[in-house]
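Asker: Could you build the full structure based on these sequences and the hints that come with them?
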Amino acid sequence: MIITTIQHVPDKKIITHFGIVSGSTVKAKHAGSDFLAGIKNFFGGEISTYTDLLESAREVAVERMIEQADSAGANAIINVRMATSAITAGAAEIYVYGTAVVVE
Amino acid sequence: MIDNIDLIIITIFLAITYATGNSIEKKHFRQLLERESKTKNIPVSSNDEPFEQSEHVQIELLVGSCVIGSDYFKRTLAALKGIFGGKIGAYESLLDRARREAILRMKESAKENCVEIACFRITTTNVQPGMLEAVAYGTAIYKKA
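Quick note, the sequences are listed as chains A and B, same order. Counting in my numbering, the first sequence runs from 1 upward without gaps. Counting in my numbering, the second sequence runs from 1 upward without gaps.
Hint data in this document are derived by calculation from the structure and do not stem from the laboratory. Misleading hints may appear alongside valid ones.
[What the hints assert, rightly or not] Straight-line distance between alpha carbons at most 20 Å, and here's what the computed PhoX-like set of lysine-lysine pairs gives: (1) A:Lys13 with B:Lys144; (2) B:Lys111 with B:Lys143; (3) B:Lys38 with A:Lys12; (4) B:Lys38 with B:Lys26; (5) B:Lys144 with A:Lys12.
Answerer: Shown next as structure tokens:
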């Protein structure tokens, strides 16, 4: 599966469009690391537990998007975009979307 | 008497978080400069079209992210500034750090033969009050050997 943020796949012709495919996850961290993050947020610095949390959530979202494209019979996803939104304190949603296509 | 104790505790917290926040920020900026000079040979563009137009290229999606928290001193300062208005320098440096760190992580995740990163995008989200996430993503262009 070719995944790109570009509007086409370089040097490959697009044969069919399947429209939009997307994947999303909502993740929350357990109270223990929320507490640690609160301490970090008091003294300053990077909150690595949240970086890891959102990173793994993003991977899952991309996987779900790929699954959707696979089931449609596509072999590439172009024009991929990502969005994060905080739903409540300690829970975030990751949304990844793009256009599923077949390239030669 | 109790009021005084509260005031003393708040002042101590402000002093401590000013010191920790400042030293963490200075250290981070030093690291950023150092790592940026290491990865400056990869051009990044927000153009839709890659500059590299050769016949044999490989592409890969790159993502880099970073969650950065503020400190108690910064939040207090920002709250005070919020009363009178004006630019909040403390948060500007926070956003700057988060973005630069995210871009660096994205660039560092590229393999060695990466010639450029095209169609680069960056988004910022407020994860929690005073805590923000920057996500940088783009398409790495590799020349086939």
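Asker: State for each hint whether it applies.
Answerer: Structure-based check of all given hints:
| no. | hint | result |
| --- | --- | --- |
| 1 | A:Lys13 with B:Lys144 | holds (19 Å) |
| 2 | B:Lys111 with B:Lys143 | holds (11 Å) |
| 3 | B:Lys38 with A:Lys12 | violated (33 Å) |
| 4 | B:Lys38 with B:Lys26 | holds (19 Å) |
| 5 | B:Lys144 with A:Lys12 | holds (15 Å) |
Comparing the model with each earlier hint shows a violation of hint 3 alone; every other hint is respected.
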